[in-house]
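Chains as they are written, first to last, in the UniProt record's numbering: chain A, 1 to 379; chain B, 1 to 647.
None of these hints come from the bench; they were simulated from the model. Note that beta-carbon positions come from the ideal geometry of N, C-alpha and C, so glycine has one too. Don't take each hint at face value.
[As the list claims (entries may be wrong)] With the Cβ distance kept under 8 angstroms, some of the chain A side facing chain B (calculated, not the full set):
| # | residue |
| --- | --- |
| 1 | 251 |
| 2 | 252 |
| 3 | 254 |
| 4 | 287 |
| 5 | 295 |
| 6 | 297 |
| 7 | 307 |
| 8 | 309 |
| 9 | 337 |
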Amino acid sequence: MSFLEYRVKFVPTGLRKVLHLNWPLIVLVTAVSAVGWLALYSIAGGRFEPWAGRQMQVFALGMVVMFFIAFVPIWFWRNMSLLAYGVSVVLLLVVEFFGSVGMGAQRWIEVGGMRLQPSELMKVTLVMMLAAYYDWLDVKKTSRLFWVLIPVVLTAIPTVLVLMQPNLGTALILLMIGGAVMLLAGVSWWYFAVVATGLVSVIWAVMASRGTDWQLLHDYQFRRIDTFLDPTSDPLGAGYNIIQAQIALGSGGWNGKGFMQGTQSRLNFLPEKHTDFIFTTLGEEFGFVGVFSLLVLYALILVFCYVSAMQNKDRFSLLLILGIAANFFFYLAINLAMVMGLAPVVGIPLPFLSYGGSAMLVLLVAFGLIQSAHVHRPR
Amino acid sequence: MRRSPKETEESASVTHRRALLMGGAMTAMFAVLGARMRYLSVDQADQFKLLAEENRISIRLIPPARGLILDRNGKVLAGNEQNYRVVITREDAGNVDEVLAKLAHIIPLTADDLDRTTKEMRRTSSFAPITVADRLTWEDLSKIALNAPALPGVSPEVGLSRQYPRDTDFAHVLGYVGPVSERDLAELESPDPLLRIPKFQIGKIGVERWMEDVLRGRAGTRRIEVNAVGRVMRELERVEGDPGSDVRLTIDADVQNFIQARLGDESAAAVVMDVNNGDLIAIVSSPSFDPNLFVRGISHTDYNTLMENDHRPLANKTVQGVYPPGSTFKMITALAALEAGLINVNTTVRCPGHLEFGGRRFHCWKRAGHGAVNLEKSLAESCDVYYYDIAQRVGIEKIAEMGRRFGLGIRHDLPMSAIADGIMPNRAWKQERHKQDWRIGDTINASIGQGYVLTSPLQLAVMTARIATGRAVVPRLVRSIDGKEVPVEPAPEIGISEEIMRKIRSGMYAVMNGERGTATSSRIVDEALVWAGKTGTSQVRNITAAERARGVISNDQLPWNRRDHALFVGYAPYTNPRYAVSVVVEHGGGGSTAAAPIARDAILRALSDGLPPLSAYPSSQRNRIASMLEKLPLRDAEGRAPDTSRA
Numbered sequence: 001m002s003f004l005e006y007r008v009k010f011v012p013t014g015l016r017k018v019l020h021l022n023w024p025l026i027v028l029v030t031a032v033s034a035v036g037w038l039a040l041y042s043i044a045g046g047r048f049e050p051w052a053g054r055q056m057q058v059f060a061l062g063m064v065v066m067f068f069i070a071f072v073p074i075w076f077w078r079n080m081s082l083l084a085y086g087v088s089v090v091l092l093l094v095v096e097f098f099g100s101v102g103m104g105a106q107r108w109i110e111v112g113g114m115r116l117q118p119s120e121l122m123k124v125t126l127v128m129m130l131a132a133y134y135d136w137l138d139v140k141k142t143s144r145l146f147w148v149l150i151p152v153v154l155t156a157i158p159t160v161l162v163l164m165q166p167n168l169g170t171a172l173i174l175l176m177i178g179g180a181v182m183l184l185a186g187v188s189w190w191y192f193a194v195v196a197t198g199l200v201s202v203i204w205a206v207m208a209s210r211g212t213d214w215q216l217l218h219d220y221q222f223r224r225i226d227t228f229l230d231p232t233s234d235p236l237g238a239g240y241n242i243i244q245a246q247i248a249l250g251s252g253g254w255n256g257k258g259f260m261q262g263t264q265s266r267l268n269f270l271p272e273k274h275t276d277f278i279f280t281t282l283g284e285e286f287g288f289v290g291v292f293s294l295l296v297l298y299a300l301i302l303v304f305c306y307v308s309a310m311q312n313k314d315r316f317s318l319l320l321i322l323g324i325a326a327n328f329f330f331y332l333a334i335n336l337a338m339v340m341g342l343a344p345v346v347g348i349p350l351p352f353l354s355y356g357g358s359a360m361l362v363l364l365v366a367f368g369l370i371q372s373a374h375v376h377r378p379r
Numbered sequence: 001m002r003r004s005p006k007e008t009e010e011s012a013s014v015t016h017r018r019a020l021l022m023g024g025a026m027t028a029m030f031a032v033l034g035a036r037m038r039y040l041s042v043d044q045a046d047q048f049k050l051l052a053e054e055n056r057i058s059i060r061l062i063p064p065a066r067g068l069i070l071d072r073n074g075k076v077l078a079g080n081e082q083n084y085r086v087v088i089t090r091e092d093a094g095n096v097d098e099v100l101a102k103l104a105h106i107i108p109l110t111a112d113d114l115d116r117t118t119k120e121m122r123r124t125s126s127f128a129p130i131t132v133a134d135r136l137t138w139e140d141l142s143k144i145a146l147n148a149p150a151l152p153g154v155s156p157e158v159g160l161s162r163q164y165p166r167d168t169d170f171a172h173v174l175g176y177v178g179p180v181s182e183r184d185l186a187e188l189e190s191p192d193p194l195l196r197i198p199k200f201q202i203g204k205i206g207v208e209r210w211m212e213d214v215l216r217g218r219a220g221t222r223r224i225e226v227n228a229v230g231r232v233m234r235e236l237e238r239v240e241g242d243p244g245s246d247v248r249l250t251i252d253a254d255v256q257n258f259i260q261a262r263l264g265d266e267s268a269a270a271v272v273m274d275v276n277n278g279d280l281i282a283i284v285s286s287p288s289f290d291p292n293l294f295v296r297g298i299s300h301t302d303y304n305t306l307m308e309n310d311h312r313p314l315a316n317k318t319v320q321g322v323y324p325p326g327s328t329f330k331m332i333t334a335l336a337a338l339e340a341g342l343i344n345v346n347t348t349v350r351c352p353g354h355l356e357f358g359g360r361r362f363h364c365w366k367r368a369g370h371g372a373v374n375l376e377k378s379l380a381e382s383c384d385v386y387y388y389d390i391a392q393r394v395g396i397e398k399i400a401e402m403g404r405r406f407g408l409g410i411r412h413d414l415p416m417s418a419i420a421d422g423i424m425p426n427r428a429w430k431q432e433r434h435k436q437d438w439r440i441g442d443t444i445n446a447s448i449g450q451g452y453v454l455t456s457p458l459q460l461a462v463m464t465a466r467i468a469t470g471r472a473v474v475p476r477l478v479r480s481i482d483g484k485e486v487p488v489e490p491a492p493e494i495g496i497s498e499e500i501m502r503k504i505r506s507g508m509y510a511v512m513n514g515e516r517g518t519a520t521s522s523r524i525v526d527e528a529l530v531w532a533g534k535t536g537t538s539q540v541r542n543i544t545a546a547e548r549a550r551g552v553i554s555n556d557q558l559p560w561n562r563r564d565h566a567l568f569v570g571y572a573p574y575t576n577p578r579y580a581v582s583v584v585v586e587h588g589g590g591g592s593t594a595a596a597p598i599a600r601d602a603i604l605r606a607l608s609d610g611l612p613p614l615s616a617y618p619s620s621q622r623n624r625i626a627s628m629l630e631k632l633p634l635r636d637a638e639g640r641a642p643d644t645s646r647a
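Model the full assembly from the supplied sequences, consistent with the hints where possible.
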């Protein structure tokens, strides 16, 4: 079904839309964000400065944006997909040539005092673009080579641009998002089999390229792989983050050291404790019980996304919600695997918890789209 | 484009199937994450808790206060003084250069201080305090406190550092402390962690070094919480250490001071010893130096001055210096002959002024000769030929053995540095040392304490004490440790018949009190304190035949470092001996003129509570002695030096 066939008269209008929002999802998102504020407050030594207060402001702004997006019919956003994708790619190009360098990579541009990371925005607009593409595409053509190559190219363009910044983590997530949406759209398993084989070959090639003239990754990326495999090999250098993070998580024990009692974070042993490694602070202060509760909250967010998607008969909405849920999950899984020492340290924030304006805003934009799809679903 | 309902439903079901598949994958990942979290924070929690504590808690040592060194009456010889210093913390100071410039206006700072401070600042964290200046006066410290608002980041601190209130008097006995060197650490198998504390000081020489274990004490600990860059956040626990034990010496600080002053600028050594228990009452080497200079870090110029001085102020001549004992050795030669039964007290030898032996002529100090000489006369008038004669009969082996029985040529173990063994030569020694056979001429030289015989002033004092008591007295320097008396065992009998000993003593009595004794001018007239002794003059050069032909050159005409050493040993009172004394004045000339008067003043000072009583001196000398005593630069009751010696 396409939206033109929707029985539009059953879709709520005006302020009645408020009643039809997916409220459990909003509550869950707010709850997870609140955990983030607590963590940021604790890390700052019991002060709202410099992180918690600002994070709350960004969240408030993001909520306004989310409601705005939720109130606009989903078919409008569907029509905006190509434009949004185009703008994101242009912004990536701008960053590539005029962006500021941070952490050894070009990642953001300054817009009126705000740092904008187009790579964050890209994660949402790519999902929109691919969902719109498969909504438009005749289902019978889904697995034809030409029509498979188009989404591959659509995914590859931003991936390559992000990789050039260089930002390996986000590039990986973009690839995974592209793959996920294509999988959900029904592209034949054979393509995935071929790509999986190709990936294994590429990984082999990358590892084999080390130390040669055609080295495919930066030295720091190779070192990250090394320290992932054996963090203790460089306890004060590259492995320091991983080791200290695990000490923090492990020393929390069953129920943690207590709010604001985390010695690892309070005494600065934890690096990046307010951004990528914020989870370790929670693990240290609230222990296994606290961390497990947080995982349950995250899982519930995913469950409600799934429930909403399954109820939705619109193909664009279905693919959009599932694509965003997959995106959300990738963030979560990679970040947690990273801080627990199961994956290499790549710059991936923890959704709704890590301090950072762009990531928070983009996430709320994405959840605004989910709400819009939910409110305006065909009935 | 319109799609058939079947088509859309089919595509939706494909998506639903794949979504559920993905959901399954997500659940699996959540399970993995949950399991990993459980592993970290439940299974491995204890280990990680320990690691987190190790991260956060650092243990710092609190240096203990070093034990005091006291004299026999409890006067402080080595103490700990409060050391005021000023430190600066970069992060609090803001503009460091400006603050330092202001500080330099308030207290005297050298360019060196400033240079060192800025250099150190570059190496350390911004929160680490850096010492700008050390050993400030209370006045300077008050000035800093007064100007505190204008000096951000600057704060005064108090520490303890070693101080020797009687500086020069005890430099050789106590030694000094200094910073731990790499060599000190290398010598120890498992060094006390205290030694790794920057600027921690340990004993370098003397009592400070040899009693180090007793004096150092045990470190306390401070458990503190630190952050990732090492900044101290708070103190968690504090365990005070044990201060070092106090060591009480046998020395009487006032007697020591008197003798040090009496020796003046002479290059000399004097030892006063209790003949009954071996307590060293004074053990003085002159000239001396100020050990406080070494504690503070001696300057190059000061050190070079000490090194270049031909009177060798750094050498501890009492135990480290060895000298030919000269005639003070004659008692040993006589004892060897008497003990062997080769002579008796009445045996006489004719002294024509020299002895011919093997084509060589051995001279008596008195060219005209002493005529018929018996034991008492030989000691009283110090006839050399008598000893040449009896030594030939008794032989070097017996003489050397007798010397060792009286404490010569053996090491006396005291907590002092560089204690010399001296030399008590015999055939085997010469064979080993010089690869030559012993010759009778060597015995003749040794019989009057010349030739190969070398003894330290300490050994001479021990010898005298043993003659005075007939017991093998052992010297000791430490009276009590931490308030507990160090036990003294009664000295064993030396094993020579009292009759022989009495004869030797009466010979020494005659030296002082006989009609023609060599040291009668240094006699004591107070009947209760009358004493016995023996002079010695030892040559430091060979007198050539050409010189002898021109006539003996008097010592005064020779350069200082070629003059004879003056020696004297004695004990008092004669009837009931309490103290033995030995004095060596390097290149002082004759023993009777240079050494004996000093020995008399020293032993009288030891025997009385204050200055030597004038009544003990022969009346003709009293005026001279009185004015001499008056001029001595003695310390006051608190141990402060008179102003004159400071000039």
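Notebook entry, point to check: Checking against the hints above, which ones are violated?
Noted result: Result: hints 6 and 7 break, sorted rising.
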